[in-house]
Amino acid sequence: MLTLFSRLGENVLGRFYRLGEASILMLRVLGELPYIWSMRQEIVSQMMRIGIGSFPLVTVTSLFTGMVLAVQTSYQIEEYVPQVFIAAAVCKAIIIELGPVITALVISGRVGASITAELGTMRVTEQIDALETMAVDPVRYLLLPRITAGLVMMPVIVTFACVVAISGAYTVSLLYLKMSGQVFFLGMRQFVYPYDVYSGLLKSFIFGGTISMVGCYYGFCTSKGAVGVGRATTQSVVTNCLLILVFDYFLAMLLFPAV
Amino acid sequence: MNEAIIQLEDLYKSFGDERVLTGLDLSVPRGETLVIMGRSGAGKSVILKHMVGLMSPDRGEVYFDGHRLNTLKRVELERMRKRMGMLFQGAALFDSMSVAQNVSLGLRRHTRMSEEEIRTVVTAKLVAVGLSGVEEKMPAELSGGMRKRVGLARAIAMDPELVLYDEPTTGIDPITADAINNLILDTRRQFGVTSVIVTHDVASALKVGTLISLLVEGRIIFSGNPEEVKNTDNPYVRQFLEGSAEGPHKLYF
Chain A
9 MLTLFSRLGE NVLGRFYRLG EASILMLRVL GELPYIWSMR QEIVSQMMRI GIGSFPLVTV
69 TSLFTGMVLA VQTSYQIEEY VPQVFIAAAV CKAIIIELGP VITALVISGR VGASITAELG
129 TMRVTEQIDA LETMAVDPVR YLLLPRITAG LVMMPVIVTF ACVVAISGAY TVSLLYLKMS
189 GQVFFLGMRQ FVYPYDVYSG LLKSFIFGGT ISMVGCYYGF CTSKGAVGVG RATTQSVVTN
249 CLLILVFDYF LAMLLFPAV
Chain B
1282 MNEAIIQLED LYKSFGDERV LTGLDLSVPR GETLVIMGRS GAGKSVILKH MVGLMSPDRG
1342 EVYFDGHRLN TLKRVELERM RKRMGMLFQG AALFDSMSVA QNVSLGLRRH TRMSEEEIRT
1402 VVTAKLVAVG LSGVEEKMPA ELSGGMRKRV GLARAIAMDP ELVLYDEPTT GIDPITADAI
1462 NNLILDTRRQ FGVTSVIVTH DVASALKVGT LISLLVEGRI IFSGNPEEVK NTDNPYVRQF
1522 LEGSAEGPHK LYF
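From first to last, the protein sequence lines stand for chains A and B. In this text, residue positions in the first sequence follow my numbering: the first is 9, and each later residue adds one. In this text, residue positions in the second sequence follow my numbering: the first is 1282, and each later residue adds one.
Hints listed in this document are in silico derivations from the structure and should not be mistaken for laboratory results. Warning: the hint list may mix true and false statements.
To be verified - Keeping only pairs whose Cα atoms sit at most 30 Å apart, straight-line, the calculated DSS-like set for lysine-lysine is: (1) 186/A <-> 100/A; (2) 1418/B <-> 1363/B; (3) 1363/B <-> 1511/B; (4) 232/A <-> 1354/B; (5) 1488/B <-> 1511/B; (6) 232/A <-> 1511/B.
The structure displayed is predicted, hence computed values, not measured ones.
Just chain B, with the same shape it has in the complex:
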């Protein structure tokens, strides 16, 4: 297996009295697509936010390409972030900017590309996510699926080495969800990026993941490839795959 591009060691994170991560260890090998599955509120997005340096752990370390992320200075952290892209759950497009401005923001701020070059890259990235002719539209004019696609185009605009996806298929219809799964696969094929996806969508996880981990009560309790996931006897994984209320997962109402 390739060396890890991102590594989380013994991570602890609490919000008030609520303990979200309790000694989490996770490693993402370069070039792989890791899917982190877990129930809603299990702390999946919190893991992503630690990976990109939006949150600092209470205890533990986060390494990106060998650099200890949680102790880096702002300038160095920004240098690392230029090598990552993130697709947010609600796409988090900038309301006041057009689609083209959203996608090109990173290029404008961090490169010396000409307007012409920026336009070319923006169009190419939008085409890569299956969109064309939407450059001048505002985010409010787009459907949920289109917003996610624009979010993805923005995430890959700077050709990152690592793309983080926060619930890419949640809240959209199954057909658009499958189209987004294909986009994730295409992105990996076309740009060779490492991906980390958090989701509770089992079908999506099995389709796009080369590695799948299950998060339960703040720790990864199972990791394996899709075949291993399908064939495991682990009761937590089985319950999750079957979508059953009966099993070892604690239910909270």
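One chain only, chain A, in its complex shape:
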């Protein structure tokens, strides 16, 4: 019993330790903000890597999400509501919820994991130590560009994902649900408000920051060789997925409070 409590205590303390460690690291990143202009080349290169490199995967996931959403919504409520509401529900769901969340989950698997694996490998092969010995601050040189790129690119990727998903839903509505294009756009125009778009973008901005910060933290604090890199990468993806879902709930409560 004592061992059980001791392990439990160790686990809880370990989590608080990691939270503190991550907070200190992120404060150090904030402290490097004045040097952001000097890191512009690295930031652009990370934006290309995080953003442009993610478009093919995001295109496929968003397209099918949009298509299946149109089919499912129609199947569930076609008998009770006019088609214009189906289009509205699909577009609204994509913009405020599925676009940001599914894209964030996909990006956490692709980009978050890649950031952790890259920084983790750099840590265990002493490349980060080498940067320090060359008087190059690794927080400024490695973390600041990745986190900035994550924050900037995520809204761009989510916007793109929403456009692709809505296109997919539109195509299915036209070809499979026999909805007219006019009805689809009428539903979208009447029921999707600018506030929905802003909310979706705010979510994507927060998710982008979360993914890159978590990815950077686990990578930067990796230890214990190749096994450590593997463990850190798994922890990074799991933590990101959990945080995205938890943050999504609290953002929904905040942005769309019950009347």
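We have chain A; now place chain B onto it with these hints.
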């Protein structure tokens, strides 16, 4: 003997229950090549990491050119680090950068040199370590010996006053190892730098060192020039030189 460029006083360092350094005192005179010998896991690399400020001691002081390294602010520590270069055991080249980018990183970040000047310095440093035409290669395309050479070129790119070498000849064939020893000697001759080398390679230590210290159980138990090392009766040194399992060194399996 010249004044010390780097000095370690009463240094203690533990990792969990494992005590690695136990009151270590060490002084590196300017212009000398100090070789720290010791068995694997004795804490040799830990000493180097303290010298460059990558680790802080649990107790004790590290001085670089009179500045107390372990209490310096980050900006000041970076100013000191610009005066040092370090060759890591596995070279620690940046995988995502070409050889030229690896060597030029410090120059780009800390100097206002033009692209042309940087290219000239990079080529000169690579030639100094016996490499040419590899500027555009990626580290993954290089052999172990070449990686160490590029690591050395990167370490001396900013013309440091102090170069730290972590096991420069470990894991490479004897011929390449000797070539690296020659490089270390050439670097000292050409650039007049102070060097600290940690190794358990006795032949390399005797060839490149002007001073040799032996680390045993977290302390320096012997220091002297290569002749003194060869002629000493110290049982620890004798056992190390002879590479014998019999003697005062404790064996851990």
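Structure-based check of each hint:
no. : hint              : verdict
1   : 186/A <-> 100/A   : holds, 20 Å
2   : 1418/B <-> 1363/B : holds, 26 Å
3   : 1363/B <-> 1511/B : violated, 36 Å
4   : 232/A <-> 1354/B  : holds, 28 Å
5   : 1488/B <-> 1511/B : holds, 12 Å
6   : 232/A <-> 1511/B  : violated, 38 Å
Consistency note: the structure conflicts with the earlier hints numbered 3 and 6.
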